[in-house]
Amino acid sequence: MSAWEDARVPESARLGSPSLGERLEAIWGDGPGLRGWIASVDHKEIGKRYIVTAFAFLVLGGLEAVAIRAQLAGPDLRLLSPEAYDQLFTMHGVTMIFLYAGPILSGFANFLWPLLLGSRDMAFPRLNALSYWVYIAAGLFMYAGFVVGRGPDDGWFNYVPYASREFDPGINIDIYALGLILLGISTTVGSANFVVTFLRTRCPGMSINRVPILTWGTLTASVGNLLAVPSVSLAFFLLWMDRQFGTHFYDTAQGQPLLWQHLFWMFGHPWVYAIVLPAMGMVSDGLPTFCRRPLVGYTPVALATVTTMALGFGVWVHHMFATGLPSLALSFFSGASIVIVIPSAVAVFAWTATIWTGRPVITTAFLFFAGMIVLFVIGGVSGFMTAAAPLDWQLTDTYFVVAHLHYVLIGINVFPVAGGLYYWFPKITGRMLDERLGRWNFWTMFAGFNIAFLPMHLLGVLGMPRRVYTYPAGMGWSATNLAISLGAVLFAIGVLLLFVNVWLSLRRGAPAGDNPWDAPTLEWATSSPPPAYNFAVIPSVASRHPLWEERLGESEGRSRLDEGLLLDRGRETIGTTPLDAEPDLILEMPADTAAPFILAVGLAILFTGAAGHWWWASGGGVAVIAIALLMWFWPRRVHADEPAEPAHG
Amino acid sequence: MAAQIPAAAVFTPASPMGFWQTYGPRADPVTALNWGFSALSIAVVVIVTALVVAGVATRAHRGAAPMADLPVVRGPGGMRWIYIGTALTLVALVGSLAWTVAVLAAVNSPASKPALTLEVTGHQWWWEVTYEGDPGESFTTANEIHIPVGQPVLVKLKGADVIHSFWVPALTGKTDTIPGRTNVAWLQADRPGVYRGQCVEYCGVQHAHMALFVRADPPAEFRAWRDGQLRPAPAPATAQAGAGEQVFVSRCGACHTVRGSDAGGAAGPDLTHLMTRTTLAAGTLPNTVGALLGWIEDPQSVKPGARMPPTYVPPPQLAELSAYLETLK
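Residue numbers (our numbering), protein chains in the order written: chain A, 1 to 649; chain B, 1 to 329.
Hints are all accurate, no fakes.
If you want a taste of the chain A side facing chain B, the calculated C-beta under 8 angstroms gives, among others: (1) 167; (2) 339; (3) 353; (4) 467.
Every beta carbon over 10 angstroms from chain B, so not counted as near; a handful from chain A, in silico: (5) 12; (6) 30; (7) 53; (8) 144; (9) 149; (10) 170; (11) 231; (12) 499; (13) 617; (14) 633; (15) 635.
A few chain A residues facing chain B, derived, Cβ under 10 angstroms: (16) 89; (17) 322; (18) 346; (19) 371; (20) 395; (21) 469; (22) 470.
If you're looking for bench data, these hints aren't it; they were derived computationally from the structure.
Here a beta-carbon is modelled for each residue, glycine too, at the ideal position from N, C-alpha and C.
Next comes chain B alone, as it looks inside the complex (with noise of 0.2 angstroms):
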């Protein structure tokens, strides 16, 4: 954890998943679209609801006549307000409809060359994010994408299980994962700074704790953390974490994988560099020792339905791995 910047240096925005203000060019021109449909819309409830008021106070029948005394009238001039209203709708929903195609096409694409393409699959309920480059420069992390800040990353989305949707809202609207295809997306954060995202299509028991974070650093961090990240774990120095690691191999490794260690499996995530990350489990849990050793005795209570089974370790192992796990930097 002493690698961790302190988290009040980091910016996040103010509403954690909010869109009415976003840091990115991908997303930037969906939110002034946002600002003018929102204005346009709720002007539009305004007027009508005045109309109806207005309306209702100054047309309606006082008093309490029986309905067959008060006179039926066909009053004149109803057809002018369907022809006037549906007009300046019509107006409205024509330049809705070209400022829709304006951002659109805007977005589609960014502006120049992407300085990085990453792979994101959609697992029940975490998110695999491969960084592509030749072999040796390509790894594999989860749950916490880093990124260059002021650059544009492609972003190419897998779905391995059921279909999840992947989402930052403050850098890019919403691209589906979907088994079978690869769909694309990208996203450019223009602030240093941690958005959160979340996927958005109900994939099952624990659709709620499926978070993702994006974290965005000058260039220069970027690439230190990569080049930390490209390296394998190191060689445990104690006894103690070395006892840890045969514990991880045999009770954890079927399903992770440690990058310089003989656990290699891949149906959980790679925990080469745990303790890089902020939290666990997709967001659920902080990453700190006592929620790490607490989720590894019993994730069903804390993300019921996860696929991580308890696993019972022994004390005096449990604290040889805890020991282990804390060399994962």
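Chain A extracted, bound-state conformation (with noise of 0.2 angstroms):
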């Protein structure tokens, strides 16, 4: 992005002109085949492409836990050897943690934020593009292990000094730790492009009370990944270090092992809000729609998700509080973890006050965002019981914590996200998703996942420690886990239910229009599916609801939706003042390139070539990443009818 003090002041134009749509078309659209697919920075096509891969994801960590749960549906069971089950939770966890949950979420809203603050794109297109690059490039690093057996086996968090070269020698543990500093790029860059995009990008009108509260949980998600992902990289680039070239950071000699475990959970803490709070701004937004009212409180609920991430950040110490720390640690962090739940409450009663003061519509998507207020219940009074450090004593490292991080993943993450689907499916592909087989799909997601996961609870009070691969007989635990086990064979099918779903409405949904649920939100406003331009005059706004304006009666002035700028000599969109969004300056919006995969393949080749200490592939990568930020920054013409202009300023 080249923003300028323009001297032009940009047209308005009310809608009606075909031949306006057409001029848009030729300049925002993809170029053919496949050079034009790679060199897309589209924030549709990226954020679509984020959530096909993330699902391809989900189902690899699902068939990792079908793995897991098929040794463990009896005791003394040896389906898989010990190695294997423990690559097998690893990769799990790896998998869902940092190739689903995150991403998945990066892909709504990197579909769905233009959309929703009526603009053409993200700030910074091909940053956008080379977070989703990036992203795949260090899943698949991290897949390259554990296909040739050679998979991270130290569990996600990947305690010292079990994951020290003394103890895990092999190159399991290394490509765990670049592959997550690689990945860390893209989390970064992609987290600086949404906060920008957030302040600078919102049409006029839209001022920063106005916004959609999944703009709040990604935007606050995003501030956390900034402050938090340094963190984490910095803990793996020293294990790396330590591991390669015999640095002391974490040795039990001369360094310190619990200095991983702060350094991770300093990140790993405020992770799990940036993996929730988009997921909770989803339902905040969609269950709205069907209970044909505004949301109750969205004052109170945009600051309790501000206000979760930042408690986010001093609670970390409760992921430790069997590690020997002094009893005022254990009072200041228990206090910290227990009031945390307060923001969540705000959350559930507005919530719920908004199915009780409206008149819910019982749709998939409704009963998707429904159930996942009860399993966020759940998932948040498990949550508190851990936060009580003598009881954690009792708790932590046993199925009851399974159980809670499956509440909260599952219950906020991957529920939202099918309610999510179900809602805005429509506008990604211009077809509905099918109702009946919905209704199935989350019933037998729902049932599923309770089967699976309620019991575990009772296995944690009863003992069961996590991360062994066979238990013994006559502890009480062999029932329960036949149990679980089953509840996960029919989760899976539910799951699967909801691809087939998506599947077959590919090819046979019923045809979406411009607006099936009634909704009020912007990108409702646009074609199904929108068109690569978004809205062909930039449309302003005057309330949170603005295709409900009329029937709500509440707002003085109306927003204007065929009525707007007029921005149509090249890539273009408007800039905004970051409070109120008032028109600041004409955003021209870089071309399409493929720089940014370049520049990802390039840092693959960096972080390959570093794994296998094969440092002349490294030195070609960083000649790669040179080539490619050339081209990244090659001037061009700003407008391809004009001569080229110097930016001012």
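Two independent chains are provided; combine them into the complex using the hints.
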């Protein structure tokens, strides 16, 4: 993005000229063929790729879970070797937490943000493409070790000293360390992009108190990531140095094993909020549409979102209650972890009140959102129990915690995402998902999930440790484990029904129309699927619910969707002021380019070389990166039909 | 094995690793907290679920009208839900936090001076247990801890290699054993019995097979056990056992110690009184002669990845070794 104070005052126009759409399509459309596909920087295209890739990783993580549950279905089973089991549970965690849960929300946010905000693209479209390509490179990198039997095998939180070279000498841990640093690049550039997009590209009139809650969720997650990811990238870099070059950051003689845990969880706990807050935002935006009323308590819910993340930076030690910390520290972090329940309670009561003071229309999306409230509360109260340090001494590292984290991650991520897919699939594809199959989908997932994970609380209180590849008979765990494994199969079938529904509906789903749910926000003012340029003229809004204004009769002004700024002299969108969203400047958006793809390939080569100590390859990777950056920053003509202008300022 | 009290006579909790019922002052206040928090949590889940279900049941639109035909109305009264709900939550949380801090203070240290100090070291994948005391009062054993009933016992926790976590749910919550640090826990059993524990921090391929047992006995029985443990192994009484000692020293002595013999290795468990233990390989096998000989010949099929290598001993020598091991009472 090259922004400058433009002498040109953009013209206003009314919709109606058919040639405008053609002109904008020519400006914004992707190029033909594979080259055009790779070079695309369209946020909708990137969002869809994120969603498809993240679901592919969800399937892989799910298959790993099925293998784990087969091994644990009965006592002393020997379907898997201990080493295979350790790699499976580690890859299951890594996949679900890093390669599914975060990226799927990036996918929805990428697709939706400019549509929600009345803009034509993210602030940095090329950075957006880079974020995706580096994400998939990091995912493939981490799976490369696993497919040859050398996957990470120390759990997703990878404690030292077990992760040190002395105890885990293979390349397994190096691949995880480098892969997560690589993924951190993707997360960082993606987060920076969301923050700037939020602050500068909202359409005129969309002041900061009129944005959808989803954008509050993603913004909060992004700020959290920018502050948290450096901690884990540093932690893994130091570990890699210890392993490869004999530094002493974590070793027991001269270093400090607990340093790892602090660095990891200073990142890890905010990350948990980063992968649920945007999903909670989906519920906050989607649920009211089906309740035929605005969300109860927009302001408290938005503030609760931000508060959760702020408090989330002060609770990491609750992952370390058993490490032998003094009582004062235990009391403080117990208190902080208990207090964090309050913003969650605000959201739960806001959603419940929205149902009670609205008139819900029971669709599949609504069922997923309403079901999420219940699962969120179950995951919330089990988190509250583990927040009490002395109680956590019993609960931690048992199946109680496994139950808790799955209620959080599946309940507050997978269920809203599934609901979000039913809600926004018509916008993304132009076709409705099947509602009848949808009911089967929801109830199978809901029943399977609870059969699989509710008994895990019991298993935890019966004392079964997590991360054991088998357990003896006679402990009172066997029948519960069998029930859990059967529930897991039912849950997997439920998820499969979601994909079946997508597959069938892509072919013969009912045409959606622009706004099948009669929803209130800007994305529903575009066609389904939206054109490459999103909005022919830039809309301006006067309330949180531009498409419901007439019926709510609350706002003084009126949003204007069919008349607005005409920006058709190249890839342009409007930049607005951070708080009030007053038009400020015309943003020149970049053309399609393969540079982000090439840069990601260069990074992958660099990291692969580092993993294998093929330093010549790493050098080659650096050269590729340099070429990509040259392409990226090569001066360009800003308007196709004009001579290149020098940028002012 | 003759020295063992038959298992049926010894109390063990019905759920060997469960902690909804506990048996000592380190664990009991936490158990009350667990019940209280569980009740509160279940109540919250039931109430919110009922609210959601009732809200949907009573408020839902019936019929198949297109959504665009349904009115959009900002119904009144929503904010009250947030005010009341959050206020009630706050009250419950403040009470919970106060209870938590009170429990923390209650279990922080034992009420009286510990009767005994143990040093427990986590190894991949077994527990080394040293009873502290003056020279001549101190000894080392493995995986089975005997304590006097009704008296607090201090446990110093160390890590030999990676991080493990010491946990005996019926008596105490978890404390990690971290290499380079010494953590301190304590426990007390108010009822004679055998309480199972297990490593609960993932520590490698055999994390699953790293159990330990705490046996609480009346003080006199405990003292008798301790006096037995303090003694070195008796000199073999038979020629066969004597030959077995030579086999043990040459084949096993690099890693294992038997006090009173020339075997002084420190990599594996001290086996001086092996036959007083009920299990082998940190709770993996029952301590029977057959299981023991099978374990010696092929530990990797029982506990893949265990640090103990397979040891082929030809049959005549195996019989001698077996005869010797059976004398380690």
